[in-house]
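Q: Those protein sequence lines, which keep their order, are chains G and R.
Under the working numbering, think of the first position of the first sequence as 1, with each following residue one higher.
Under the working numbering, think of the first position of the second sequence as 1001, with each following residue one higher.
Hints were generated in silico from the structure; no laboratory data involved.
Check each hint, because a few of them may be wrong.
List time: in silico EDC-like cross-link candidates among lysine to aspartate or glutamate, alpha-carbon distance up to 16 angstroms [said to hold, decoys possible]:
1. Lys80(G) <-> Glu101(G)
2. Lys1036(R) <-> Glu156(G)
3. Lys69(G) <-> Glu82(G)
4. Lys1044(R) <-> Glu79(G)
5. Lys87(G) <-> Glu50(G)
6. Lys62(G) <-> Glu82(G)
7. Lys67(G) <-> Glu79(G)
8. Lys1050(R) <-> Asp149(G)
9. Lys87(G) <-> Glu156(G)
10. Lys1050(R) <-> Asp165(G)
11. Lys80(G) <-> Glu66(G)
12. Lys65(G) <-> Asp78(G)
13. Lys1056(R) <-> Glu63(G)
14. Lys69(G) <-> Glu79(G)
15. Lys80(G) <-> Glu90(G)
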Amino acid sequence: MLASRVFSLVGRRSISTSLCLRAHGHAGVVKAEDYTLPGYVDRRDVPLPEVAFVRDLSAQQKELKEKEKASWSALSVDEKVELYRIKFNETYAEMNKGTNEWKTILGGALFFLGVTGLILIWQKHFMYGAIPHTFSDEWLSAQTKRMLDMRVNPVEGISAQWDFDKNEWKK
Amino acid sequence: MRRLLARRMKFHLLGAFLVSMGCATLYKFGIAEPRKRAYAEFYKSYDPMKDFEAMKAAGVLECAPPK
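With the rest of the complex left out, here is chain G:
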């Protein structure tokens, strides 16, 4: 009910779309838009599309279509290929053919990784402050010594790489 109120407020003229305007000139029948009709598509999983590829045949092609109604052994190879091309756009081989798109994609991805790297370098140089004092060499060696004293990961880890008798790293 509210919709009809809006209708009378807005007026009929602005409701007319381009389709409706066209309809008023053609006895009320709207021409079917292309996107509403069955379409042709080149897809691996659609072996027989809904329509043939060539919609409007030339005179020569129309003749060929007439000849197709007779025995097919009368057709030459070229005529058969022409009939195929009327029906289909690309062969399966042409459709499945690989492109060189992967090179573009890989190049683009690596390029942007490089840009990211440059940004990170700029950040480290201009933006970040000093790293904590616990990363200094003295602190790290004291830290490692304490880890070895505690026998951290003695089976497969750091204490397994240290020779406790000779007091040096295992060769």
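Position chain R relative to chain G; hints supplied.
A: Leaving out everything else, chain R in the frame of chain G:
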């Protein structure tokens, strides 16, 4: 196009089986077995008391100072 799905499915089923079994085998013999051997070797000649005395002497045990 004949038997397109069947052919593709056979190829991929076989491939998936081989790849997954291969990964499992590689993991078992590359990681799991060496790890088990490392642990067995370690504990064969492990003396916990000697280890304890060493740690005590190094001073890392708060309740057992190296006095």
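Q: Check whether the Cα positions of Lys1050(R) and Asp165(G) lie no farther apart than 16 angstroms.
A: 13 angstroms, holds
Q: Is Lys65(G) close enough to Asp78(G), meaning Cα to Cα at most 16 angstroms?
A: Distance ~14 angstroms between Lys65(G) and Asp78(G) Cα, so the pair holds.
Q: Is the straight-line distance between the alpha-carbon of Lys1036(R) and that of Glu156(G) 16 angstroms or less?
A: 10 angstroms, holds
Q: Does the alpha-carbon distance linking Lys69(G) and Glu82(G) stay inside the 16 angstroms limit?
A: 15 angstroms, holds
Q: With the threshold set at 16 angstroms, check whether the alpha-carbon distance from Lys80(G) to Glu101(G) stays at or below it.
A: 33 angstroms, violated
Q: Next pair to validate is Lys69(G) with Glu79(G); report whether the Cα-Cα distance is within 16 angstroms.
A: Roughly 13 angstroms between the alpha carbons, so the hint for Lys69(G) and Glu79(G) holds.
Q: Is the straight-line distance between the alpha-carbon of Lys1056(R) and that of Glu63(G) 16 angstroms or less?
A: Measuring from Cα to Cα gives roughly 103 angstroms; hence the hint is violated.
Q: Quick one, are Lys1044(R) and Glu79(G) close enough, alpha carbons at most 16 angstroms?
A: 85 angstroms, violated
Q: CA of Lys80(G) to CA of Glu90(G), is that 16 angstroms or under?
A: 15 angstroms, holds
Q: Is Lys1050(R) close enough to Asp149(G), meaning Cα to Cα at most 16 angstroms?
A: Holds - the C-alpha atoms of Asp149(G) and Lys1050(R) are around 13 angstroms apart, at most 16 angstroms.
Q: Between Lys87(G) and Glu156(G), is the straight-line Cα distance small enough, at 16 angstroms or below?
A: Given pair Lys87(G), Glu156(G) is violated - Cα atoms ~68 angstroms apart, limit 16 angstroms.
Q: Taking 16 angstroms as the top limit, are the C-alpha atoms of Lys62(G) and Glu82(G) close enough?
A: 12 angstroms, holds
The structure is inconsistent with the numbered hints 1, 4, 9, 13, although it conforms to all the rest.
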